[in-house]
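As a plain string of letters, each chain reads:
There are 2 protein chains.
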Amino acid sequence: MTPAQHKPDRPIAALLVPDILALLEEAPGDLAAETEEMHPADLANVVEAMPPGRVGEFLRALPPNRAAQVIEYLDDELRAEFLEHVTTEQAAEIISEMTPDDRADVLETLEEKTADDILSDLPDQARQETERLLQFEPDTAGGLMTTELVSVEQSVTVEEALAQVRAAARSGLRESMHAIYVVDTDGKLVGVMSLRELVAAPEGASVADIMHTEIVSVPTSADRKEVAKVTSEYDLVAIPVVDGFGRIVGIVTVDDVIDAIVEEQTEDVQRLGAVQPLDDPYFVSSFWDVARRRVGWLVILFVGEMFTGTAMRAYEDTLAKALVLTLFIPLIISSGGNSGSQSSSLITRALAVGDVEVKDVLRVLMRELGHGLVLGACLGAIGFVRALMWHSGPSVSAVVALSLVLVVLVGTVVGAMMPLLLKRLGFDPALASSPFVASAVDVSGLVIYFTVARQLLGLG
Amino acid sequence: MTPAQHKPDRPIAALLVPDILALLEEAPGDLAAETEEMHPADLANVVEAMPPGRVGEFLRALPPNRAAQVIEYLDDELRAEFLEHVTTEQAAEIISEMTPDDRADVLETLEEKTADDILSDLPDQARQETERLLQFEPDTAGGLMTTELVSVEQSVTVEEALAQVRAAARSGLRESMHAIYVVDTDGKLVGVMSLRELVAAPEGASVADIMHTEIVSVPTSADRKEVAKVTSEYDLVAIPVVDGFGRIVGIVTVDDVIDAIVEEQTEDVQRLGAVQPLDDPYFVSSFWDVARRRVGWLVILFVGEMFTGTAMRAYEDTLAKALVLTLFIPLIISSGGNSGSQSSSLITRALAVGDVEVKDVLRVLMRELGHGLVLGACLGAIGFVRALMWHSGPSVSAVVALSLVLVVLVGTVVGAMMPLLLKRLGFDPALASSPFVASAVDVSGLVIYFTVARQLLGLG
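Quick note, the sequences are listed as chains A and B, same order. Mapping of the first sequence onto the numbering used here: position 210 corresponds to residue 197, and the numbering continues sequentially without gaps. Mapping of the second sequence onto the numbering used here: position 439 corresponds to residue 426, and the numbering continues sequentially without gaps.
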């Protein structure tokens, strides 16, 4: 096998499957050596492209530490299936090769009984570390962190620190050594330095001389959004996690931060589409689970939208007198909805990345009022011409044009204010999803349209 | 000043402004020492909370290397303003303290004339590095990468390599040393190892013995989505960038990858809301620029939505005979739009994270047909009861119910297929934004509704 110079996509990984299955058949003993040069993420892609029945055989043919690496990169579903079908001893052997945070993550995806059995089969130290990590909520700094880190006391010299680091590195620490943390005699985090800085330090210096004391850390309870924000704001590759006494208890590494950012974004996009966020990837989620998560919002939106019927009943006689008005109903209410969803996505995202805060409400309002007027005027002008072309006559065309200006204005302002209001009330601004704003705006659009029609056409 | 134990939010940074301004007034010479313990990202927050007129004075009171760090964390707008108002020499002095990738990024935000002046005032080596980086598109691996990296030849021993690394670290390399890259005599990338592995290696070993040859790299032309995907898939903290000959020319560090992921996501959310992505944060973008980016899509959607009027004109006589049908128009078309936007956000996101691929089209279709039927049946049942309660009579109620089932089914399928189709045609699937799907679905919703009505009510 040649080294994976670029990431083989899943289709390419699938091409390797026949070779690997043949090898497994003919010379399983050579498998480890033949695949040694492949990145574990690539091997995981190969495993995912394999017939499910051969996965166990393949993984058992690899040495446990190698199998552990591959398993860390597997889909949750496939991983759980494999671990639930080998003996508890085999599972424990593989899991004990993982870093403590991955170990806890994997156990969380298994059935509780299986996870408990495997846990009790782990070596004592690994079991204790893992149990401690399992106590934290998965979406907090405590749940994301690993306990594998290198810390030295502030009183030691650069040479002593380097010797400790070398010893830790040789003892099989598996996480990259992103930073060396400096603690006082109580274990309190007082400084940090990179391995590079330690290596480059003049001989004879003390650790306290070269460490940085401007430490950025998060408490174990910080939620993953906060961890991601701090990591991104300070350009960190690992962020220390401290307990209530300021003692360092773990680090969250940037690969887990990226995973957290991607998951958080998936949830935001699903909320924007009015779907209660899924826990699993699209095909992995069960049909009925997805249906359940969709039907809730859809029914709420449907019930909200029923008020459009109520509004129209109130104007039934206006409609009867000028049936031509019906032709423009979908056009007018959708324009309000579209401009509303533009504003709500702009503001929801600006809140998420910190460009806008709740206290900016007035500035946002002024800006969106301006945009609403400009956009409403554009659509109103086009609508006026279109209505004339449909021979609707100048008065009906004027009703359409004026309604469009007002509806777009209302849509823009409601769409922009909704996420700010939700955030102010302590809800997730992404709940101001486009269709949600659209429903609210549809009703007001109808009321505006018929009110304008009654006034300008002298009906009602 | 106490060390920043946790990230001071902007409101907290604002509290420090009076103290810092007073210090600037009374003892500007002490400013550097007094703020020495603060993280540059925190100082940047303080600068952003300062009256704009004092920013220049404050930054000039800091030593150039410190000012450079703070400036790297500033908002683009504020940074450009500051750099355009100091002398070219001062700007060049500050910019030459930055890492090459940040230097190129900063110059790209300035007016071309200013950027050129500063560039020609940089020391020779810095100018050449920066000019080379400026040649790459900002959103590619070449545009994101820094040229500061440590590479050693594969023939050297561990001791020689460590000595080279120490020398590089002491010579003022500013990026963290994420990995040591191993090259052959032509500069071709052949291996990689972490600083930890080099430090932990047995004495006398050769670099070739301990390096990993399973190298993951990207070409300079790789776009930022690809860089982010590879970094996330392989859990990297830095990814090497190679030229057409496989020679390493730079690295993209994970902090820049996170920024790229966040920006890409912002664009996706804006596209989902039918806004052409903004280049700058919400308040930084000019009013007319935002209006321009909104009006385009809004007009396209408006013109698309005009077909609802065309459709309704075709059914004008049906409407005249059963005016009660108008009451349900907004309800029916919005249900199609809402279920469509659920499907399009689910599938767009699943495509973005790689859970679904274009070749899965049949599996997606089957699943969404199922969801459409289930969701349509729920809304149809509720709609039937509601129509009866409005005394619409059993036949009109049946028309409403059957139309809802069909409209939701069509919305769900169109919403799910649109992103797959767009991707297949080489467009961005996020263009299948919710309101875009909604417009397409509105027209078909009306046609379905009136066709069902004509058949069941015997009209037309």
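Some hints here could point you the wrong way.
You can't tell identical chains apart in this list, so a pair holds if it fits in one copy or across any two.
[Unchecked claim] In silico SDA-like cross-links for lysine to any residue, where the CA-CA straight-line distance does not exceed 25 angstroms:
{"#": "1", "residue 1": "LYS100", "residue 2": "VAL73"}
{"#": "2", "residue 1": "LYS175", "residue 2": "ALA192"}
{"#": "3", "residue 1": "LYS212", "residue 2": "TYR60"}
{"#": "4", "residue 1": "LYS175", "residue 2": "SER107"}
{"#": "5", "residue 1": "LYS212", "residue 2": "VAL340"}
{"#": "6", "residue 1": "LYS212", "residue 2": "ASP242"}
{"#": "7", "residue 1": "LYS308", "residue 2": "PHE294"}
{"#": "8", "residue 1": "LYS212", "residue 2": "GLU251"}
{"#": "9", "residue 1": "LYS100", "residue 2": "ASP267"}
{"#": "10", "residue 1": "LYS212", "residue 2": "VAL372"}
{"#": "11", "residue 1": "LYS346", "residue 2": "VAL42"}
{"#": "12", "residue 1": "LYS175", "residue 2": "ARG234"}
{"#": "13", "residue 1": "LYS346", "residue 2": "ASP17"}
{"#": "14", "residue 1": "LYS308", "residue 2": "GLY341"}
{"#": "15", "residue 1": "LYS346", "residue 2": "SER272"}
{"#": "16", "residue 1": "LYS346", "residue 2": "ASP267"}
{"#": "17", "residue 1": "LYS346", "residue 2": "ALA36"}
{"#": "18", "residue 1": "LYS308", "residue 2": "LEU446"}
{"#": "19", "residue 1": "LYS346", "residue 2": "ALA1"}
{"#": "20", "residue 1": "LYS346", "residue 2": "VAL271"}
{"#": "21", "residue 1": "LYS175", "residue 2": "ALA113"}
{"#": "22", "residue 1": "LYS212", "residue 2": "ASP246"}
{"#": "23", "residue 1": "LYS308", "residue 2": "VAL372"}
{"#": "24", "residue 1": "LYS175", "residue 2": "ALA156"}
{"#": "25", "residue 1": "LYS308", "residue 2": "ASP246"}
{"#": "26", "residue 1": "LYS346", "residue 2": "PRO51"}
{"#": "27", "residue 1": "LYS175", "residue 2": "SER272"}
Note that these hints are calculated values from the structure, not bench results. From a predicted model like this one, the values you see are computed outputs, not experimental measurements.
Legend entry - Violations among the numbered hints, reported as their numbers in ascending order: Hints 4, 10, 13, 14, 25, 26 and 27 not satisfied by this model.
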